[in-house]
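For chain Y, the structure is supplied; the task is to place chain A on it using the hints.
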Amino acid sequence: DAKTTQPNSMESNEEEPVHLPCNHSTISGTDYIHWYRQLPSQGPEYVIHGLTSNVNNRMASLAIAEDRKSSTLILHRATLRDAAVYYCMGRRGYGQNFVFGPGTRLSVLP
Amino acid sequence: NAGVTQTPKFQVLKTGQSMTLQCAQDMNHNSMYWYRQDPGMGLRLIYYSASEGTTDKGEVPNGYNVSRLNKREFSLRLESAAPSQTSVYFCASSQEGLAGYNEQFFGPGTRLTVL
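Protein sequence lines correspond, in order, to chains Y and A.
Each residue of the first sequence is one higher than the one before, starting from 15 at the first, in this note's numbering.
Each residue of the second sequence is one higher than the one before, starting from 51 at the first, in this note's numbering.
Only chain Y is shown next, with the shape it has when bound in the complex (with noise of 0.2 Å):
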């Protein structure tokens, strides 16, 4: 099973990197590990993905320690629009029984 661990909430300012960490100490070795954030108000959306290897695409970045324990979203400048919250999903056990992480509630200043 996936157990997810992630901050509870993070805040940033405007133009600014930032980190969102997510332990994922029981992860399978072949398991994606995949991002998603949450808008006020809207249905989650996918941010990111990857498997062993560090992934950049046009909404992040995603750092993946090397035993695979932990994963980093990265977005590069933070905008006002990405306030949100931003979850780290897992598998548990087989199949398509995916466990989303608690999420970190991420707050922009200006």
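Among the clues, some could well be false.
[To be verified] Derived Cβ-Cβ restraints for the label pairs, each shown as a range:
{"#": "1", "chain 1": "A", "residue 1": "Asn112", "chain 2": "Y", "residue 2": "Ile88", "range": "36 to 42 Å"}
{"#": "2", "chain 1": "A", "residue 1": "Ala52", "chain 2": "Y", "residue 2": "Pro54", "range": "20 to 26 Å"}
{"#": "3", "chain 1": "Y", "residue 1": "Ser39", "chain 2": "A", "residue 2": "Gln67", "range": "41 to 47 Å"}
{"#": "4", "chain 1": "Y", "residue 1": "His90", "chain 2": "A", "residue 2": "Met69", "range": "41 to 47 Å"}
{"#": "5", "chain 1": "Y", "residue 1": "Glu29", "chain 2": "A", "residue 2": "Gln145", "range": "34 to 40 Å"}
{"#": "6", "chain 1": "Y", "residue 1": "Asn71", "chain 2": "A", "residue 2": "Glu102", "range": "28 to 34 Å"}
[As the list claims (entries may be wrong)] Not the full set, but computed from the structure, chain Y residues with beta-carbon under 10 Å of chain A:
{"#": "7", "residue": "Tyr46"}
{"#": "8", "residue": "Gln52"}
{"#": "9", "residue": "Gln56"}
{"#": "10", "residue": "Pro58"}
{"#": "11", "residue": "His63"}
{"#": "12", "residue": "Asn70"}
{"#": "13", "residue": "Met73"}
{"#": "14", "residue": "Ser75"}
{"#": "15", "residue": "Ala97"}
{"#": "16", "residue": "Tyr101"}
{"#": "17", "residue": "Arg105"}
{"#": "18", "residue": "Gln110"}
{"#": "19", "residue": "Gly117"}
None of these hints come from the bench; they were simulated from the model.
The beta carbon of each residue, even a glycine, is placed where N, CA and C say it ideally should be.
Chain A in isolation, oriented as in the chain Y frame:
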């Protein structure tokens, strides 16, 4: 493409009443999911369907039933609603890729209150 749609958007029930939440996706995805999100909390998986004709329990299935009507539609039924089921319900869909890669697309949610 509409993506994932859910009906209704809001619902108020009395304890013991029943209702069905509807979800449809137009992305030809194989997998569909129902989650609940209690106030100030994260998402918890209720049931999922890996393909048409199959359903499996998630983390919190008690008090719910599901039906995968066809590839597009996945409904969630509350047979006898309880106040503890007051929550926002999200439907999602995905197309499974290699080794568990799973980008899920979420609907806008149904806000349910049980009095």
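For each hint, the structure was consulted:
no., hint, in the structure
1, Asn112(A) to Ile88(Y): 36 to 42 Å, "holds, 39 Å"
2, Ala52(A) to Pro54(Y): 20 to 26 Å, "holds, 22 Å"
3, Ser39(Y) to Gln67(A): 41 to 47 Å, "holds, 42 Å"
4, His90(Y) to Met69(A): 41 to 47 Å, "holds, 45 Å"
5, Glu29(Y) to Gln145(A): 34 to 40 Å, "holds, 36 Å"
6, Asn71(Y) to Glu102(A): 28 to 34 Å, "holds, 31 Å"
7, Tyr46, "holds, 5 Å"
8, Gln52, "holds, 8 Å"
9, Gln56, "holds, 7 Å"
10, Pro58, "holds, 5 Å"
11, His63, "holds, 6 Å"
12, Asn70, "violated, 16 Å"
13, Met73, "violated, 12 Å"
14, Ser75, "violated, 17 Å"
15, Ala97, "violated, 16 Å"
16, Tyr101, "holds, 6 Å"
17, Arg105, "holds, 6 Å"
18, Gln110, "holds, 5 Å"
19, Gly117, "holds, 5 Å"
In terms of the numbered hints stated before, the structure departs from hints 12, 13, 14 and 15, listed from lowest to highest.
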